[in-house]
Amino acid sequence: MPKKLDHEFYSREDTVQIARELLGKLLVVPDEEGRRISGMIVETEAYMGVIDKAAHSYGGRRTLRNEVSYGPGGYVYVFFVYGMYFQLNFVTAEPGQVVLIRAIEPVEGIEIMKERRGPMKDMNLTSGPGKLCIALDIDRSLNGADLEGNSIWTEEFRSITDTDVIVGKRVGIDYAAEDAEQPWRFWIKGNPYVSKTRVK
DNA sequence: CGGCTGATCGTG
DNA sequence: ACGATCAGCCGA
Numbered sequence: 120m121p122k123k124l125d126h127e128f129y130s131r132e133d134t135v136q137i138a139r140e141l142l143g144k145l146l147v148v149p150d151e152e153g154r155r156i157s158g159m160i161v162e163t164e165a166y167m168g169v170i171d172k173a174a175h176s177y178g179g180r181r182t183l184r185n186e187v188s189y190g191p192g193g194y195v196y197v198f199f200v201y202g203m204y205f206q207l208n209f210v211t212a213e214p215g216q217v218v219l220i221r222a223i224e225p226v227e228g229i230e231i232m233k234e235r236r237g238p239m240k241d242m243n244l245t246s247g248p249g250k251l252c253i254a255l256d257i258d259r260s261l262n263g264a265d266l267e268g269n270s271i272w273t274e275e276f277r278s279i280t281d282t283d284v285i286v287g288k289r290v291g292i293d294y295a296a297e298d299a300e301q302p303w304r305f306w307i308k309g310n311p312y313v314s315k316t317r318v319k
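According to our numbering, the first sequence is numbered sequentially starting from 120.
Think of the hints as simulated: they come from the structure by calculation, not from any bench. Take the hints with a grain of salt, since some may be wrong.
To be verified - Taking lysine to aspartate or glutamate and the EDC-like style, the derived pairs with C-alpha atoms no more than 20 Å apart in a straight line are:
| hint | residue 1 | residue 2 |
| --- | --- | --- |
| 1 | 123 | 140 |
| 2 | 122 | 265 |
| 3 | 172 | 265 |
Model the full assembly from the supplied sequences, consistent with the hints where possible.
Here it is as structure tokens:
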């Protein structure tokens, strides 16, 4: 079994670079019976903390909800939005900075993902930040989880070259003014599991 | 297939 | 009030 990406990986200074490097890594969340449920990360976004108008920690805003994002790198930040969805983030070293996992390509446990998501095409199982949390059973109980622990982790999987990476604007943050234009979203070129972005 | 809308609730 | 969203419905 491949080695887990460790705290050192997540504790480097450049959160944007970490978001880029997470493409092609395997995200694993074992189920209650210990079976591996996993997917390859195909889309990420960097949130740059206190200087980023789109970030929960913009301006140093610190609440019970976003507390974990101020902690050390290599931990999970899960939050609840729109009254019904969770979103998965990995904390990096700088205060309030995180990488949002926006989409994965199912690899192991696809039948279990289908049970959780209901009847639908494979392409739709995990192609969005809220969808993948349902498919992997990620909720508030994983907030603050250690990525070196046994409840959720990341592994080396595929090597993604720069020619296979597209860089663009982040999604769903129109309120962030000029920071909505920052090129802090990364995805794998042509991968069908990348989220369908509805522009406005 | 693109656009619109209702669902639903913790946080501030 | 209002989201780092999604599914279902509508009309074309």
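Hints, verified against the model:
For the hint linking residue 123 to residue 140, the alpha-carbon distance of about 14 Å falls within 20 Å, and the restraint holds. For the hint pairing residue 122 with residue 265, the CA-to-CA distance comes to about 15 Å; that is within 20 Å, so the pair holds. At most 20 Å may separate the alpha-carbon atoms for a hinted pair to count; residue 172 and residue 265 exceed this at roughly 27 Å.
When held up to the earlier numbered hints, the structure conflicts with hint 3 and nothing else.
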